[in-house]
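Based on the provided sequences and hints, a complete structural model is requested.
Number of protein chains: 2
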Amino acid sequence: MDAEAFRRGPIRITAYDWVPRFAEGHVRDLRLRWALEEAGLPYEVDLVAQGAQRGPANLQRQPFGQVPAMTVGGQTLFETGACVWRIAETSDALLPADEAERDACLSWTFAALDTIEKPIAMMAMLRFFTKDKAAAAAVEPDVSALLAERLGRLAGTLGDAPFLVGERFTVADLMMTAVLRDAEEVDLQAFPSLIAYVARHEARPAFQAALDAQLVPFRENAARYRRPRSGAIDRLG
Amino acid sequence: MDAEAFRRGPIRITAYDWVPRFAEGHVRDLRLRWALEEAGLPYEVDLVAQGAQRGPANLQRQPFGQVPAMTVGGQTLFETGACVWRIAETSDALLPADEAERDACLSWTFAALDTIEKPIAMMAMLRFFTKDKAAAAAVEPDVSALLAERLGRLAGTLGDAPFLVGERFTVADLMMTAVLRDAEEVDLQAFPSLIAYVARHEARPAFQAALDAQLVPFRENAARYRRPRSGAIDRLG
Numbered sequence: 001m002d003a004e005a006f007r008r009g010p011i012r013i014t015a016y017d018w019v020p021r022f023a024e025g026h027v028r029d030l031r032l033r034w035a036l037e038e039a040g041l042p043y044e045v046d047l048v049a050q051g052a053q054r055g056p057a058n059l060q061r062q063p064f065g066q067v068p069a070m071t072v073g074g075q076t077l078f079e080t081g082a083c084v085w086r087i088a089e090t091s092d093a094l095l096p097a098d099e100a101e102r103d104a105c106l107s108w109t110f111a112a113l114d115t116i117e118k119p120i121a122m123m124a125m126l127r128f129f130t131k132d133k134a135a136a137a138a139v140e141p142d143v144s145a146l147l148a149e150r151l152g153r154l155a156g157t158l159g160d161a162p163f164l165v166g167e168r169f170t171v172a173d174l175m176m177t178a179v180l181r182d183a184e185e186v187d188l189q190a191f192p193s194l195i196a197y198v199a200r201h202e203a204r205p206a207f208q209a210a211l212d213a214q215l216v217p218f219r220e221n222a223a224r225y226r227r228p229r230s231g232a233i234d235r236l237g
Numbered sequence: 001m002d003a004e005a006f007r008r009g010p011i012r013i014t015a016y017d018w019v020p021r022f023a024e025g026h027v028r029d030l031r032l033r034w035a036l037e038e039a040g041l042p043y044e045v046d047l048v049a050q051g052a053q054r055g056p057a058n059l060q061r062q063p064f065g066q067v068p069a070m071t072v073g074g075q076t077l078f079e080t081g082a083c084v085w086r087i088a089e090t091s092d093a094l095l096p097a098d099e100a101e102r103d104a105c106l107s108w109t110f111a112a113l114d115t116i117e118k119p120i121a122m123m124a125m126l127r128f129f130t131k132d133k134a135a136a137a138a139v140e141p142d143v144s145a146l147l148a149e150r151l152g153r154l155a156g157t158l159g160d161a162p163f164l165v166g167e168r169f170t171v172a173d174l175m176m177t178a179v180l181r182d183a184e185e186v187d188l189q190a191f192p193s194l195i196a197y198v199a200r201h202e203a204r205p206a207f208q209a210a211l212d213a214q215l216v217p218f219r220e221n222a223a224r225y226r227r228p229r230s231g232a233i234d235r236l237g
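Protein sequence lines correspond, in order, to chains A and B. Each residue of the first sequence is one higher than the one before, starting from 1 at the first, in the numbering used here. Each residue of the second sequence is one higher than the one before, starting from 1 at the first, in the numbering used here.
Just to be clear, a hint being listed does not mean it is correct.
[What the hints assert, rightly or not] Calculated pairs, DSSO-like style, for lysine-lysine (alpha carbon to alpha carbon, straight line, at most 27 Å): (1) B:K131 with A:K131; (2) B:K133 with A:K133; (3) B:K131 with A:K133; (4) A:K131 with B:K133.
[To be verified] Looking from chain B toward chain A, a few residues come up when the C-beta cut is under 10 Å (computed): (5) D2; (6) E79; (7) E99; (8) A111; (9) A136.
Rather than coming from a laboratory, the hints here were simulated on the basis of the structure. Ideal Cβ placement from N, Cα and C applies to all residues, glycine included.
Structure (structure tokens):
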């Protein structure tokens, strides 16, 4: 899909209708919303209900039963990295015209998702998605050291610069910021320049608009997903 | 960098001069070599000695002190995904002309590195790079379940098809094969169609040429990295 297809639209993305509190502001459709906001491209959202992500309708758009997917005109793309890169290619809002800078943006987009996000995802797995908490805690220092080494390299490369590529905000900063803000505070605290980097880009109006938009359906649908409280169970019993 | 830059060359990639046996055939420069072989692009190799990967010369090309990086003309790209994608864009050897198929190739390239490789990398971390082996073994089933779920979705999407996109080998198959062959056999054994998929693409002459080329310096430099045996230590003592 090219810039013309994006301009014709309609652009539709998928997102959840609700997630548990800890995932609010961290579901990956946020990255597409942010890129679309930066690029000035209006979009619509197809909400996927919890439990329906592995149903046939969503699997047809997204083979792993995840969100997001993106449909432009009649064509569907999946994977956050692929969608954000295609959005970036539509204009110079996220991707400079200079060829060397475009190459650097591609490198950093993959670096965010591959080199940086892999150890962040491992830490999340250990902290939130493993049953044996004591074992996970015993493994954590090894993964934490790997993450710290990579964050240290990133901080060293960035120095005091506000941007990864050239003198302006690009898709490289969008993806790196989105990935870093999914790390836990404790993992970033040794790197104040990275904390400042994330805060600076999170303050962008396009990010705030994207974040607000992700949260709206969560508020609207919260009641439907509320578990019965003990009082309710008592009344049932 | 565009197709013309690749044709002008020279194309140079970085690779290690030696790695321990378990990493042979699995260092990521293999993915660039394979893509370059498929695209019919001759390349040269700058070998990085063990211990020098975090030295200033390599950090200038690769901010995380890894291999590979790729220099075309005077321009340097890093991250395997970025390098392979730019190689793919140079011709129709790895990327079809059809726009929808190109989009699908981009989605699957990111799917390989992000959705599939994340749990594979977690398994490798637990098996090979953690100090507390008992704790790692206790965490393994949770990660293994995540990996199996994703491999199951991949196998379901692929079915009996030999290729992920259209009727021919593309960069999507190159990246997915490269990622899957870094999983351990035990993790793939429930998915015979994926084992067959990997074997089919590993049989390609371009893959074999890439693999052979990666191994040559390891053989040549093995003696330099051989640890003193107990006999040698005895003689020293």
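Among the hints numbered above, which are violated by the structure, and what are their numbers in rising order?
Failing hints: none at all.
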